[in-house]
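Chains as they are written, first to last, in this note's numbering: chain A, 1262 to 1634; chain B, 364 to 783; chain C, 515 to 809.
Just to be clear, a hint being listed does not mean it is correct.
Below, in silico cross-link-like pairs of lysine to aspartate or glutamate (EDC-like), each with a Cα-Cα straight-line distance of 20 Å or less [as the list claims (entries may be wrong)]:
| no. | chain 1 | residue 1 | chain 2 | residue 2 |
| --- | --- | --- | --- | --- |
| 1 | B | LYS544 | B | GLU593 |
| 2 | B | LYS589 | A | ASP1461 |
| 3 | B | LYS589 | A | ASP1433 |
| 4 | A | LYS1446 | B | GLU754 |
| 5 | B | LYS589 | A | GLU1479 |
| 6 | A | LYS1584 | B | GLU615 |
| 7 | A | LYS1446 | B | GLU642 |
| 8 | A | LYS1445 | A | ASP1404 |
| 9 | C | LYS719 | A | ASP1404 |
| 10 | A | LYS1446 | A | GLU1294 |
| 11 | A | LYS1584 | B | GLU592 |
| 12 | A | LYS1445 | B | GLU755 |
| 13 | A | LYS1371 | A | ASP1392 |
| 14 | A | LYS1584 | B | GLU597 |
| 15 | A | LYS1471 | A | GLU1487 |
| 16 | B | LYS544 | B | GLU604 |
| 17 | A | LYS1445 | A | ASP1295 |
| 18 | B | LYS639 | A | ASP1579 |
| 19 | A | LYS1397 | A | ASP1378 |
| 20 | A | LYS1584 | B | GLU618 |
| 21 | B | LYS589 | A | GLU1578 |
| 22 | A | LYS1445 | B | ASP734 |
| 23 | C | LYS796 | A | ASP1355 |
| 24 | B | LYS526 | B | GLU547 |
| 25 | B | LYS530 | B | GLU541 |
| 26 | A | LYS1471 | A | ASP1295 |
| 27 | A | LYS1446 | B | ASP734 |
| 28 | A | LYS1374 | A | ASP1404 |
| 29 | A | LYS1584 | B | GLU642 |
| 30 | A | LYS1584 | B | ASP779 |
| 31 | B | LYS496 | B | GLU427 |
| 32 | A | LYS1584 | B | ASP734 |
| 33 | A | LYS1446 | A | GLU1435 |
| 34 | A | LYS1445 | B | GLU541 |
| 35 | B | LYS639 | A | GLU1578 |
| 36 | B | LYS639 | A | GLU1601 |
| 37 | B | LYS589 | A | ASP1404 |
| 38 | A | LYS1445 | A | GLU1487 |
It should be emphasised that the hints constitute simulated quantities derived from the structure, not laboratory data.
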Amino acid sequence: MASIVLDGIAHSYADEQSQDGNTALKSIHHEWEDGGAYALLGPSGCGKTTLLNIISGLLTPSRGRVLFNQQDVTSLPAEQRNIAQVFQFPVVYDTMTVAENLMFPLRMRKLAKVDRDARVKEVLSMLGLADLADRKARRLSPDIKQKISLGRGLVRTDANAILFDEPLTVIDPELKWQLRAQLKKVHQQFSHTMIYVTHDQTEALTFADKVMVMLEGEVLQIGTPEELFNSPAHTFVGNFIGSPGMNILPCELNGPFASIGAHRIPLAQVYPATTYPGTTHPGARGRLELGIRPEYIDLVAREENSNALPATIKSIEDLGRFKIVQLMLDHHSIQVLVPEGAPVPSSPAMVFRPEHVKIYRDSVLYGSKTGPD
Amino acid sequence: MLVLSHRMLRTTGVEMETVKEIKKAWTGPLVFANDLDTFSLDQRLRECRRIECNTVWPGGGMLELIHVNKMVDGEVMIDDVCLTLSSDCINILLGPTLSGKTSLLRLMAGLDKPSSGDIRFNGKSVIGRPVQKRNVAMVYQQFINYPSLSVFENIASPLRVAKMEKKSVTRQVHEAAELLKIDELLNRSPAQLSGGQQQRVALARALVKRAELVLLDEPLANLDYKLREELRAELPRLFSEQGAVLVYATTESTEALRLGGKTAVLHEGRIRQYGKTLEVFRTPGDITTAMVFSDPPLNTAPVTKSGAQLTLGNHPIPLGSQALGLSDAAYRLGIRPHHIGLQQQGPGSVAITGIVTVNEITGSESFIHFDFAGRNWIALIHGVHAVALNEEIQLFLDPQTFYFFHPTGELAHAPDHDRL
Amino acid sequence: MKNWNNKAWLLVLPMLALVAFSAVIPLMTVVNYSVQDSFGNNEFFWVGTEWFEEVLHSERFYNALLRNLLFSSIVLAIEIPLGVAIALCMPRRGVAVSVCLVLMALPLLIPWNVVGTIWQIFGRVDIGLLGHGLTSLGLDYNYTQDPLDAWITVILMDIWHWTSLVVLLCYSGLVAIPEAYYQAAHIDGASRWAVFRNIQLPRMKRVLLIAILLRFMDSFMIYTEPFVLTGGGPGNSTTFLSIDLVQMAVGQFDLGPAAAMSLVYFLIILLLSWVFYTVMTKSDADAAPGLGERS
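Using the sequences and the hints, build the whole thing.
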């Protein structure tokens, strides 16, 4: 197990054929502590797979260093870094049985037979594969094959880190819940350093202690799931995390209020005056936007609260455990989440919870210290 | 002021182009009928996907499957499926991998022949009619495009096959490309596109074909999460405008709920239930349906009811006024994860004590996996709740939200959602 | 339920006629010859199984058959591992790929008799590069006189001619392996041999099966090259079944025995190919992609 440091990692594919899913990386500095569970989250083409391959040693970065436990491993090939990796699609050795598949990395690393037998047995039962141990891997269904792939990663007690490249893509929803829980348990039990790459926010947020959100080769924000959800550093993060994403509305600042057209929204903090639109200082200007999560808007009846923002309902989607209400505030479309059983007033008005109203300047969270490092 | 009747536009078949031109030319206020606000046509159309199932689109078709069976190598793939799918609204086939979704779609398309039973389109049997002669479009999970053709030619290919004249090919391709927001990419080759764009091309090709039957086999499964949301919002409206019977296969219950329409739950080659999506979700006919149609998974446990008391393992659960009409017997209890809370929920709330095994936090919600009476259950709780692992936790159940299933699987009692 | 379109038969008709003329009718003729005797003048009389008995009891036939079996096994034992090895060494991407592929395909483009002629000259002691080179090194090489030298030359010639086929087939199998397999093996710490043993070989199995079958059938039917190179000599040392057959039929006009022998020959090839195929696919069957692969 090891801490992993990315020291000014940058990569470009100028001199190589750019392959699918590989994107250039712009200077990334970061340190992952030993034994943590981390996620790289971003849309396809954001560079998360490139970064993962740099860590595992399948790719050498154009610039920068990778350190495992303060040791420079940048030039070491994958097999010498002592890393385990699970890929998006199941990779199994067809001719071997399920148990042999799990045994393989241990055998290659010359682990004593007694140790490896015990370890393989343990992982097999953890993944619910014990009954299939002696079956040939080739005949099994894709989700079981993916469990085998996971098992080959988890079996390695000595690994510096276990990397996951969208490992649950081919898995059915219900099994996803089980496997995610199993991964969590494995992490609690053995506290490997684990890095999980995905485009699925639920997987990233539920898995990781800290999530790194990436876009176009850059890191937009690193934070706990709670931080990412409650104070996204960038409007992209706000929209990308959460389902539905954050409502982003163009606004102006007026002291303790933000205004959207003629509507005034109370804020929890006062922003410096220099950034108000129309000030003369050129560097302080910027496009101002207000961000509010659908979860943090309350719908009230118009007559109940005269300070609330009157809106018209465009549509209501009932998703069983909650409803997504689409509302129009002037010409802005806003989504509001209403929990199961809560009524939707026929002539509604919205109350934005002030502590959850965020202001963005040129898409970057304004007036807060959390941001890209 | 100009008033455009939404319905009139649709029934008279006025093209999008014309509407756009009218919008451009008209400087005064513009209102779409049965509308309170003036917002763009695009947004207006987006709303259509929520139109109730009994609204019939003009020119709509109907696909009937009558006691359809399919055996392959002596193994039953499709087991006595009876379904009537219409173009009123989107039809969703929900089921786990290998439940027979793809097999059923292939039968509908005419790629395979059923071992027995009949498939009718608009009342006429289509069995034996080869797929080329049917007006069917299919979009797959994998992005399938002609690699040697440009995006334009890819979209145009069904029109070329139909020998349509050049001018209208160009017009239709541009129209479809614009709807799917790929009009800038028409000259590229599919290899130069991202996954989402490639799938949009495949969808555009299905769109220009103006097929009577559109079959989508997990079309969004290989796309990014956010892209999925975006395309999912657009898909049903695009096809329903053409009056096509639209069938959408998926493994994800959340996807089914977001698409609305009607859902057929498929399990081991059999249709367990078919009805309006939300109704199927709320009142599943049996425990299999309830388990397939639940995300996070449904919490279940065997219980015995006697009077106003349930016994789960050796835990007594007072029922209050709920489900008292149910006769005393053994049942299987089903509780949806979001109906388990950390606080008292109603007057009849019952406290239970579980051991936390896993705690997952998404920022907006927390999932607490816990062991209770030998079962592994999940509670879905709003907000961030970090709880200590392997320790006892007190959780609350609301008997009003309990589902009861007979030991054979059929539903005995479902919660009354109007009272929740 | 079945909707036969009878017009479709018309499309098959020309092909059927062609096959009838090219295969069925000649075969029947051979069957006809094999059970009759003739003294010219188009007079035939029935002899029953006499020719078959003669063939099956002749030492000449068994010697030729043994030579064939020996030749095929030597050729397979060398060409298959060599082909796999070359395929493994070939580059996977870049310009070098097409260069290698063209080089590999070259021997396959040369007609059989030309191959024979090339090696005939190549091996000549007086002017051939190989023959002259070996003798000037002090080796006693002469393929026209020494049976062992003749065998070595014929085998070398076949390897030179046909290893490319094995290479191309194996290469096509290799490039179809997804990159993730190699990456996973790297990360698992697999040695080069383990990668070959556990990933490349199992994934090449199908093409390898085709390669072995093709090479076996082809080498068992070898005719042109040794005919041009050695004419079956020295002595009878390179007289394979096919050469023997031609000598019998064309050289001695023994049509009956020749016909019987060619039928036996045909049956042997069929039987051996079937045995090969079943043995090799049997190990495959228990690991065949099962129903689980469906999605």
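Taking the hints in turn, this is what the structure says about them:
no., hint, verdict
1, B/LYS544 to B/GLU593, "holds, 12 Å"
2, B/LYS589 to A/ASP1461, "holds, 8 Å"
3, B/LYS589 to A/ASP1433, "holds, 19 Å"
4, A/LYS1446 to B/GLU754, "holds, 14 Å"
5, B/LYS589 to A/GLU1479, "holds, 18 Å"
6, A/LYS1584 to B/GLU615, "holds, 18 Å"
7, A/LYS1446 to B/GLU642, "violated, 36 Å"
8, A/LYS1445 to A/ASP1404, "holds, 18 Å"
9, C/LYS719 to A/ASP1404, "violated, 24 Å"
10, A/LYS1446 to A/GLU1294, "holds, 19 Å"
11, A/LYS1584 to B/GLU592, "holds, 16 Å"
12, A/LYS1445 to B/GLU755, "holds, 18 Å"
13, A/LYS1371 to A/ASP1392, "violated, 26 Å"
14, A/LYS1584 to B/GLU597, "holds, 19 Å"
15, A/LYS1471 to A/GLU1487, "holds, 10 Å"
16, B/LYS544 to B/GLU604, "holds, 17 Å"
17, A/LYS1445 to A/ASP1295, "holds, 16 Å"
18, B/LYS639 to A/ASP1579, "holds, 12 Å"
19, A/LYS1397 to A/ASP1378, "holds, 18 Å"
20, A/LYS1584 to B/GLU618, "holds, 14 Å"
21, B/LYS589 to A/GLU1578, "holds, 18 Å"
22, A/LYS1445 to B/ASP734, "holds, 15 Å"
23, C/LYS796 to A/ASP1355, "holds, 16 Å"
24, B/LYS526 to B/GLU547, "violated, 25 Å"
25, B/LYS530 to B/GLU541, "holds, 17 Å"
26, A/LYS1471 to A/ASP1295, "holds, 13 Å"
27, A/LYS1446 to B/ASP734, "holds, 14 Å"
28, A/LYS1374 to A/ASP1404, "violated, 28 Å"
29, A/LYS1584 to B/GLU642, "holds, 14 Å"
30, A/LYS1584 to B/ASP779, "holds, 17 Å"
31, B/LYS496 to B/GLU427, "holds, 18 Å"
32, A/LYS1584 to B/ASP734, "violated, 30 Å"
33, A/LYS1446 to A/GLU1435, "holds, 17 Å"
34, A/LYS1445 to B/GLU541, "violated, 44 Å"
35, B/LYS639 to A/GLU1578, "holds, 13 Å"
36, B/LYS639 to A/GLU1601, "holds, 18 Å"
37, B/LYS589 to A/ASP1404, "violated, 24 Å"
38, A/LYS1445 to A/GLU1487, "holds, 18 Å"
Checked against the numbered hints above, the structure breaks hints 7, 9, 13, 24, 28, 32, 34, 37 and satisfies the rest.
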